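Enquirer: The lines below spell out each chain.
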Amino acid sequence: MSDTTQKSAADHAIAMPGLTRRDFLGEITLGALGVAGLGGAALTYQYFSPNVLFEPSTTFRAGNPDLYPVNSVTFLQEQQVYIVRTSSGFYAVSAVCTHLGCVTQWKPETNMIACPCHGSKFTPEGKKLEGPAPRPLPHYAISITADGELIVDKLQTIKADQVLKV
Amino acid sequence: MATSLQSALENLRTTRVWKSIFRRGPALTNRTRSVAVFGNLFLHWLPVKVREKSLRVRAAYYLGSLSFLLFLLLVVTGVLLMFYYHPAAPNAYHDMKDLRFVVSNGVFLRNMHRIGAHLMVLLVFWHMFHVFYRGGYKPPHEFNWVVGVFLLLVTLFLSYTGYLLPWDQLAFWAVTVGTNIISAMPIVGSKVRFVALGGNIVGENALLRFYVLHVVILPLVAVLLIGVHFWRVQKDGGLTVRPKDHDGKS
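Protein sequences appear in the order of chains B and Y. For the first sequence, counting from 1, position 5 maps to 5 in the numbering used here; every step adds exactly one. For the second sequence, counting from 1, position 167 maps to 333 in the numbering used here; every step adds exactly one.
Just so you know, these hints were derived from the structure itself, not from any lab. Quick caveat: nothing in here was measured; it's all calculated off a predicted structure. Some clues are possibly wrong.
[Claimed, not checked] Straight line, CA to CA, 30 Å or less: simulated DSBU-like cross-link-like pairs of lysine-lysine:
id	chain 1	residue 1	chain 2	residue 2
1	Y	K357	B	K121
2	B	K165	B	K154
3	B	K127	Y	K357
4	B	K159	B	K121
5	Y	K215	B	K159
6	B	K127	B	K159
7	Y	K215	Y	K401
8	B	K154	Y	K357
9	Y	K357	B	K128
10	Y	K219	Y	K304
[Said to hold, decoys possible] Over 12 Å on every C-beta distance to chain B, these chain Y residues come out as not near it, computed from the model:
id	residue
11	L178
12	L232
13	D334
14	R375
Glycine included, each C-beta is placed from N, C-alpha and C at the ideal position.
In isolation and in its complexed conformation, chain B is listed as follows (with noise of 0.2 Å):
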């Protein structure tokens, strides 16, 4: 079989010694199937990734900050948000542990932020002060719209140590 094949190969004076007609094909086919297959898997990853969402938006109008005391420290229950004021300003800090994503509480008797679900605990500026969550809390935008009310926008994130000044 395989002598006859070679032979037949040699008579056509094909440059590549030992490769059959039919292992060409063979070998043309498993490509086309290995680019149609991988072309599959790229249309099925697209197919499966939304491209418009209904979810709630990211940006929300927090009120005025006269609705916020000076020290206080205020959780948006809807946005997941704690809205902080000291002394020298307002910043929104995400209430989502960066564990696992639960919910976060806010403590005012031992004055930090709890995670229920496995017992991360926050100071108020987002920072970690124990349990596993492996990053401190983010701060998200926070300014000032044209008529006076805080406006928060979730998808950007700022450093902490920044404070927007009323």
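Using the hints, position chain Y against chain B.
Expert: The following block gives chain Y in isolation, referenced to the frame of chain B:
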């Protein structure tokens, strides 16, 4: 009584309909018994003969068979639950509540499905530990052990995807936590989470995705793997019991 039943059965066996379904005589000899097993779609991948040893309760405590029975129970109760369940928010939660408090015998079916699922995870783990401590993973059973590991994973994924479907607080937070574990994977983590949830939060897309995985994709994979698993038991020479060789080693 028994004789009239026997004669009724014998009469049934002479009918044309019976003969068209079972193309053989009564299974009275070893040969006809073998033919009976070979010629039946639902039995043909089972062994025609087994060692008496491997039928003992202590051989495997029937843990694999019990897991399979629970799987069948979960398929039946699950399909029945699907008749009252919409995989959408907020209907899913209300449908679950309706099944518990409004639909006749709904709470019975739901709890059978729920407790059956817990039991199946327990039994599958127990089955695995039993096989492990008995050395049932050793040659020639290595491949079937690997199939079994995949079946364990499918069982856990079925359990996990089913956990979201009641759409209550427990479900929401369990899946929030679980999918955040996915995003801890290096490089691809957050992308995998996005595709698994169909978004950034555990929302309607996630519910629908978990539903399709739970009721179609994972059960199909499970059926396929269960088929291979059972068939390999026979091809690998029955359950773990093997005769000892000359040195007395098993």
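Enquirer: Please go over all the hints and tell whether each is borne out by the structure.
Expert: We went through each hint and held it up to the structure:
At most 30 Å may separate the alpha-carbon atoms for a hinted pair to count; Y/K357 and B/K121 meet this at roughly 28 Å. A hinted pair counts as satisfied when its Cα atoms are at most 30 Å apart, and B/K165 with B/K154 qualifies at roughly 19 Å. About 27 Å separates the Cα atoms of B/K127 and Y/K357, which keeps this hinted pair within 30 Å; it holds. Proximity of B/K159 to B/K121 is assessed by CA-CA distance (about 20 Å); at most 30 Å being required, the pair is judged to hold.
Annotation: proposed proximity of Y/K215 to B/K159 is violated, straight-line Cα distance about 72 Å (limit 30 Å). The hinted pair formed by B/K127 and B/K159 meets the criterion: a straight-line CA distance of about 12 Å does not exceed 30 Å. Annotation: proposed proximity of Y/K215 to Y/K401 holds, straight-line Cα distance about 12 Å (limit 30 Å). A C-alpha spacing of about 19 Å is found between B/K154 and Y/K357, which places the hinted pair at or below 30 Å, so the restraint holds.
For the hint linking Y/K357 to B/K128, the alpha-carbon distance of about 26 Å falls within 30 Å, and the restraint holds. Distance check on the hinted pair: Y/K219 and Y/K304 sit about 18 Å apart at the alpha-carbon level, within 30 Å; holds. Y/L178, annotated as away from the interface, keeps every beta carbon of chain B farther than 12 Å; the closest lies near 52 Å. With a least beta-carbon separation of about 34 Å from chain B, Y/L232 lies farther than 12 Å from that chain, consistent with its non-interface assignment.
With 12 Å as the threshold on Cβ separation, the claim that Y/D334 sits away from chain B holds: the shortest Cβ distance comes to roughly 16 Å. A beta-carbon of chain B is positioned within 12 Å of the beta-carbon of Y/R375; the least distance is around 8 Å.
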